[in-house]
Amino acid sequence: MSDTIEMDDLSQRPHRQAETAETLLDAFNTPDSAVSTWSWVAAGLFSFLAFILTFSPRLLLFLSEVVAEDDSRRALTPLESFLALHFGIWLAATSVAVLLNIPSNDPIPSREPNTNYHPLLAPVAIAGDLTAFLAWNTKSVGSLATLFSVVEGLIGLWGTWTIVFAGTSSISRKTGADKHTSSLFFGNKNAASVQKKKWKKERKGY
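Quick note: the sequence shown uses our numbering, first residue 1353, plus one each step.
Hints are computed from structural coordinates only; laboratory data are not their basis. Heads up, none of these hints are tricks.
If you anchor each label on the Cβ, the simulated ranges turn out as follows:
| # | residue 1 | residue 2 | range |
| --- | --- | --- | --- |
| 1 | A1427 | L1506 | 27 to 33 Å |
| 2 | R1555 | V1387 | 38 to 44 Å |
| 3 | S1385 | A1427 | 44 to 50 Å |
| 4 | T1514 | P1455 | 23 to 29 Å |
| 5 | V1393 | K1552 | 46 to 52 Å |
| 6 | K1553 | L1397 | 55 to 61 Å |
| 7 | G1396 | P1430 | 26 to 32 Å |
Since the structure is predicted, the reported quantities are computational estimates derived from the model, not experimental observations. C-beta atoms are modelled at their ideal positions from N, C-alpha and C, and glycine is treated no differently.
Generate the whole structure from the sequences, applying the supplied hints.
This is the structure we're talking about:
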């Protein structure tokens, strides 16, 4: 009984290592990887600025001082606090939107094109609703708060309505019926529940 000993060709090792290094470098330098890296860095920086503007606006006074003065301000004006809070929230929404739109290489079938969908819809709608509520309850900046509340409320409420009523979630993927319809009182044959029962019967027939 003889033992076989496999010999590795040492001359091929540098070549294999070079190919491995080139493969890793090519994978890192792909457009998707570059965009993903940029997205994470940009989202992190946006989040950092949003945190400062929202939770530590007094830091702006310290950073904006040119020279140390005894009569320097110790607090922000109501207008500065108002704008810092709102800009911080919108920067946070931008950060979330950037993260949600990072390209993915996962082998998952892409969804069907939907004209009612926009990648910024959910973050902008949530930020609009939140900032409109905060502006409506702010009394220290006069009519500016009302203006912000109306504009941001229009953006937020319209976006929320689009998500709830105009998106694909209102249309059944199985039957194509509108989920907002009902056959409770008038016996609507096009209602989602009726269409679903019809679809189940057709499935059983096969």
